[in-house]
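Undergrad: Residues per chain are reported as follows:
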Amino acid sequence: MSISVQLRQDFGGFILDAQFAIDRPGITALFGPSGSGKTSIVNAIAGLLRPQQGRIVIGDDVVLDTKSNLFTPPRARHVGYVFQDARLFPHMSVETNLRFGWRRRAVRADEAEFARVVSLLGLESLLARRPLKLSGGEKSRVALGRALLSAPRLLLLDEPLAALDSARKSEIYPYLERLRDEAKLPMLYVSHSLDEVARLADDIIVLKDGRAIAHDPVFDMLADLQFSELTGAPSHGAVIDTHITEHRVEDGLSALVFDGGVLLVPLLNRPIGNRLRVRIRAEDVMLAAEEPRAISANNVLLCSVTAIRETGTTHVDVQLLCGKAKFLARITRASAKRLALASAMPIFAITKSVIVDPQTS
Amino acid sequence: MLDAAEIEALLLSLRISAVAVLFALPLAIAAAALLANRRFPGKSIVDGLLHLPQILPPVVVGYLLLVALGTRAPLGAWLLHNLGIRFAFSWTGAALAAGIITFPFQLRAIRLSIEAIDGGLGQAAETLGAGRFDRFLNLTLPLALPGIIAGAITAFAACLGEFGAIITFVSNIPGETRTLPLAIYSALQSPGGEAEAAKLSALSIVLALIGVTLAEFADRRVRVFAGR
Numbered sequence: 006m007s008i009s010v011q012l013r014q015d016f017g018g019f020i021l022d023a024q025f026a027i028d029r030p031g032i033t034a035l036f037g038p039s040g041s042g043k044t045s046i047v048n049a050i051a052g053l054l055r056p057q058q059g060r061i062v063i064g065d066d067v068v069l070d071t072k073s074n075l076f077t078p079p080r081a082r083h084v085g086y087v088f089q090d091a092r093l094f095p096h097m098s099v100e101t102n103l104r105f106g107w108r109r110r111a112v113r114a115d116e117a118e119f120a121r122v123v124s125l126l127g128l129e130s131l132l133a134r135r136p137l138k139l140s141g142g143e144k145s146r147v148a149l150g151r152a153l154l155s156a157p158r159l160l161l162l163d164e165p166l167a168a169l170d171s172a173r174k175s176e177i178y179p180y181l182e183r184l185r186d187e188a189k190l191p192m193l194y195v196s197h198s199l200d201e202v203a204r205l206a207d208d209i210i211v212l213k214d215g216r217a218i219a220h221d222p223v224f225d226m227l228a229d230l231q232f233s234e235l236t237g238a239p240s241h242g243a244v245i246d247t248h249i250t251e252h253r254v255e256d257g258l259s260a261l262v263f264d265g266g267v268l269l270v271p272l273l274n275r276p277i278g279n280r281l282r283v284r285i286r287a288e289d290v291m292l293a294a295e296e297p298r299a300i301s302a303n304n305v306l307l308c309s310v311t312a313i314r315e316t317g318t319t320h321v322d323v324q325l326l327c328g329k330a331k332f333l334a335r336i337t338r339a340s341a342k343r344l345a346l347a348s349a350m351p352i353f354a355i356t357k358s359v360i361v362d363p364q365t366s
Numbered sequence: 093m094l095d096a097a098e099i100e101a102l103l104l105s106l107r108i109s110a111v112a113v114l115f116a117l118p119l120a121i122a123a124a125a126l127l128a129n130r131r132f133p134g135k136s137i138v139d140g141l142l143h144l145p146q147i148l149p150p151v152v153v154g155y156l157l158l159v160a161l162g163t164r165a166p167l168g169a170w171l172l173h174n175l176g177i178r179f180a181f182s183w184t185g186a187a188l189a190a191g192i193i194t195f196p197f198q199l200r201a202i203r204l205s206i207e208a209i210d211g212g213l214g215q216a217a218e219t220l221g222a223g224r225f226d227r228f229l230n231l232t233l234p235l236a237l238p239g240i241i242a243g244a245i246t247a248f249a250a251c252l253g254e255f256g257a258i259i260t261f262v263s264n265i266p267g268e269t270r271t272l273p274l275a276i277y278s279a280l281q282s283p284g285g286e287a288e289a290a291k292l293s294a295l296s297i298v299l300a301l302i303g304v305t306l307a308e309f310a311d312r313r314v315r316v317f318a319g320r
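Chains as they are written, first to last, in my numbering: chain A, 6 to 366; chain B, 93 to 320.
Isolated chain A, as found in the complex (with noise of 0.2 Å):
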């Protein structure tokens, strides 16, 4: 299922004007400051705004075309909507909020259908219960489950997070990367977090002064040196998509396999076999013209050079191929002039384990 979006609303001073295409299953990321536009660019695609000019095409069928007045109203446009605040109906109990969208859909489902999603986001517990007597968490739980099951061809999930503390957040990201790792529906979610944005998202689309500057898959946009410049965002690190290969309980340590390398990072506690993204802070990774022996540090990586771009008058920032994994070393001028930094050239860099953050609950 392939959409395409292209909308223009004047707001009186500030002008959406934003164009993108999402032609995959997974998690789309659209991340940008408060009051980029992100909010009216869902509403848009649910048909809860209409806007001045605009086209959306989900698949073959075009719900929005404003040269031929054509508008679909927001039922019958299948686009499933995960709202911040969540929405549940009150007088409803968590059964009946999840069957709401459920009831209403075009074609019957089978009963294991509805069991099956209840259980991917552990709501059996839950299901005679009223919203007021849930948590935050489990409210998003809900609310997710209510649009998956209304059949959506299409997910919008408009800052799902956003209200809750850290703690309830870990709470909700096995689930969303469950559904982003079956990989069965386009999902576009909207975020200014770019920890969230880190973990969850395929591709990141950046939304600035309601325009869409940029869309990369997640792995080449955090690795890009003018990520930072781009978003306004300060620098995150670099995310790896890697696979737990071995635990180590002797010496402590989890071994994670990535298309470059293996990592080594403390034990982990999960099972072999699965997927993880590994962080790397630019921060913390050192680099060496020769191999260096002898040392404490746990990962060593041969890379070749990239990029190399100053940013600043102590820094310059370097983006290091590894395979066919990226990420940045933050080093000062002064070094790079010590190693003589080229492109293309080949360097070892070195991470302590200790300081991989995989970003794991």
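Hints should not be assumed to be uniformly reliable.
Covered stretches of chain A (chain B as the covering partner; in silico rule of three or more C-beta atoms under 8 Å from a C-beta of chain B) [as the list claims (entries may be wrong)]:
#: 1; segment: 82-90
#: 2; segment: 102-111
Okay, the calculated bits of chain B under chain A, using three or more residues with CB under 8 Å as the criterion [to be verified]:
#: 3; segment: 205-215
#: 4; segment: 220-226
Partial list, computed: chain A residues near chain B (C-beta under 10 Å) [as the list claims (entries may be wrong)]:
#: 5; residue: H96
#: 6; residue: M97
#: 7; residue: L132
#: 8; residue: A152
#: 9; residue: S155
#: 10; residue: R338
#: 11; residue: K342
What the hints contain is simulated information worked out from the structure, not anything from laboratory work.
Glycine included, every Cβ here is placed at the ideal spot set by N, Cα and C.
Go by the hints and put chain B onto chain A.
TA: What follows is chain B alone, placed relative to chain A:
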């Protein structure tokens, strides 16, 4: 304790009030749904007209009803000959008068509770495939229930006390249109009726207290239902 005429006045009052509230309720819900959260040209005029019965002197309302629906008035005569409905000098006329006078009570309470519903819920329902009538039935009505019940009870209590419109429109006929307030008035008009008037007034006070308690109880139960 109560003699036959007093029981008759009591039951008549209850019947007239119940009929008045039940017939006005669906209209009040429809009007409230139309007025709440919506703008259209002439809205303030419609709004004003619907609230007029509360502002006009009840005697004026009774007089207007008499002019419109009296047996010799065109509309009243038409209703009587074609549909067999007679309002003038009948308890149904009393119910009509009470219903009109107390309609704004219901309208206001219901409209306020509809406007208090979070508009985001309607949007959520829309994205889940619910059309306008579907949303009205499954969201607006149940969520406005506290207001609907509060409005109905207030209107019922006000109907019990209605005097001016009833006596002007349908007169003071024992067993037909003599409700409690009219019975109290009649007692005060007859020599030595003070004890009678006091007794009926006490009865009215008891009824009012029961109404208030009932409203409080219903409100609490319904708020739990509506998840507020």
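Undergrad: Tell me, in ascending order, the numbers of any earlier hints that this structure violates.
TA: Violated hints: 7, 10 and 11; rest satisfied.
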